[in-house]
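2 protein chains.
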Amino acid sequence: MFSGAQFSLYPMSDDFVDIILGALDSLDPYRDRLRVETDPVSTLLVGSPDIVLAALRDVFVTAAAGGVHCALTATLSRGCPGEADDPICAGGPGRPPDRSLADRVQDAVDAVAAATPVGRPVDAQLSVYPLGAEQHMDEIYGCIDFLKRSAVFAGPKHFCTRLSGDAGPVFAAVQEAFTRFGAPDGHLAVDLTVSANSPSTRRPAAPSGA
Amino acid sequence: MFSGAQFSLYPMSDDFVDIILGALDSLDPYRDRLRVETDPVSTLLVGSPDIVLAALRDVFVTAAAGGVHCALTATLSRGCPGEADDPICAGGPGRPPDRSLADRVQDAVDAVAAATPVGRPVDAQLSVYPLGAEQHMDEIYGCIDFLKRSAVFAGPKHFCTRLSGDAGPVFAAVQEAFTRFGAPDGHLAVDLTVSANSPSTRRPAAPSGA
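In order, the protein sequences belong to chains A and B. Take any residue in the first sequence, note its place counting from 1, add 4, and you have its number in my numbering. Take any residue in the second sequence, note its place counting from 1, add 4, and you have its number in my numbering.
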């Protein structure tokens, strides 16, 4: 099943080019398991969901390490009927076809609880879009139930769900939302925003990121 | 039908707070027709699609006017079954229920051709997610056909379609994708990224935005 992401990294700094270039070095350990293509608006990662999410986490944590306010946005997609499959996407985690929605919620909660912290607090929000199904809201509500029960839930919002916590379990939660819901090999997209070092979270009166 | 967006504005500058605050003043002419709520990660706009898109365009054009590399990302949504309707969303453009897909493609092309330029070149990419329909790819392919025939088409990408041109017709194309495809009052989401003043588009060797 074809899977991957288009992501963009936004350091709110005059030094944004150097911060982006330094962060993209974090892709190096994954390059044999990812197809990477950059254009002026975003970078494409094609690979299995676990490798794509690990790479996104490491890029973002590296960019944010210097304390600059940074954001990462990503469009994740799997199973799009319009995309030819690619062997580089094989071998990652998939949704077991025989697990009920309630079981998958619990599996996802457990996976986030087992995720290794990396020492970088982040705020995030995501939307999950299971496509090609008439009862798409059942899977969305299941995913929201999982996120609410996870250790990184920060609150509901219109059109998305807020997460907050260490980047390790936050990106693990995104991976669970991306792989554990929707049809087993069906078309599903995730719209993700991650933010770190925002002045808004230090001084509530100052706007940031929006 | 409930409609709106969560958007974030990212000026790649040490002065990002002032640039964001200045750009948010562009919402003022629309505030009687929008509900606006800001948190540390994004700003919510609830209103009819034409007002939401005009507000996003004006915020982004204002932020980019000083020449700083800026990006805007937005999650647009309409018709979500989980959202109670709001009178502030009424009165905007909708998809006529009696127009064929081919007619809607032509309507959208014509609307972009008639859009007023605002004098600010931008690059953009978007994904359209018609939810709750088994034949969702028909509407996606129709929307891609419209974008390819529009004056602002810049090329295909995995998971999204690239646009480039004046911000006026580019945001008009996003509005058409958001309102003209999917079921007439159905659930549809758009994942949008807009970029301006990127060093990548001036010097091809320099990365930017990703």
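Please keep in mind that the hints were generated in silico from the structure rather than gathered at the bench. Where hints are given, some of them may not hold.
[As the list claims (entries may be wrong)] Straight-line Cα separation of at most 16 Å, EDC-like style, residue types lysine to aspartate or glutamate; simulated pairs:
(1) LYS161/B <-> GLU41/A
(2) LYS161/A <-> GLU41/B
(3) LYS152/A <-> ASP111/A
(4) LYS152/B <-> GLU87/B
(5) LYS161/B <-> GLU87/A
(6) LYS152/A <-> ASP102/A
(7) LYS152/B <-> ASP189/B
(8) LYS152/B <-> GLU138/B
(9) LYS161/A <-> ASP149/A
(10) LYS161/A <-> GLU87/B
(11) LYS161/B <-> ASP43/A
Status of the hints after comparison with the structure:
Only pairs whose Cα atoms come within 16 Å are accepted, and LYS161/B paired with GLU41/A is accepted, the gap being roughly 10 Å. Annotation: proposed proximity of LYS161/A to GLU41/B holds, straight-line Cα distance about 10 Å (limit 16 Å). For the given pair, LYS152/A sits about 14 Å from ASP111/A by alpha-carbon distance, which is consistent with the 16 Å threshold. Pair hint LYS152/B plus GLU87/B does not hold up; C-alpha atoms about 32 Å apart against a cutoff of 16 Å.
Only pairs whose Cα atoms come within 16 Å are accepted, and LYS161/B paired with GLU87/A is accepted, the gap being roughly 11 Å. With a C-alpha separation of about 23 Å, the suggested pair LYS152/A and ASP102/A falls outside the 16 Å cut-off, and the hint is violated. Taking the CA atoms of LYS152/B and ASP189/B, the gap is about 25 Å. The hint is violated against a cut of 16 Å. A hinted pair counts as satisfied when its Cα atoms are at most 16 Å apart, and LYS152/B with GLU138/B does not qualify at roughly 24 Å.
Distance hint between LYS161/A and ASP149/A is fulfilled; the C-alpha atoms sit about 14 Å from each other, no more than 16 Å. Taking the CA atoms of LYS161/A and GLU87/B, the gap is near 11 Å; set against the 16 Å cutoff, the hint holds. With a CA separation close to 10 Å, the supplied pair LYS161/B and ASP43/A stays within the 16 Å bound.
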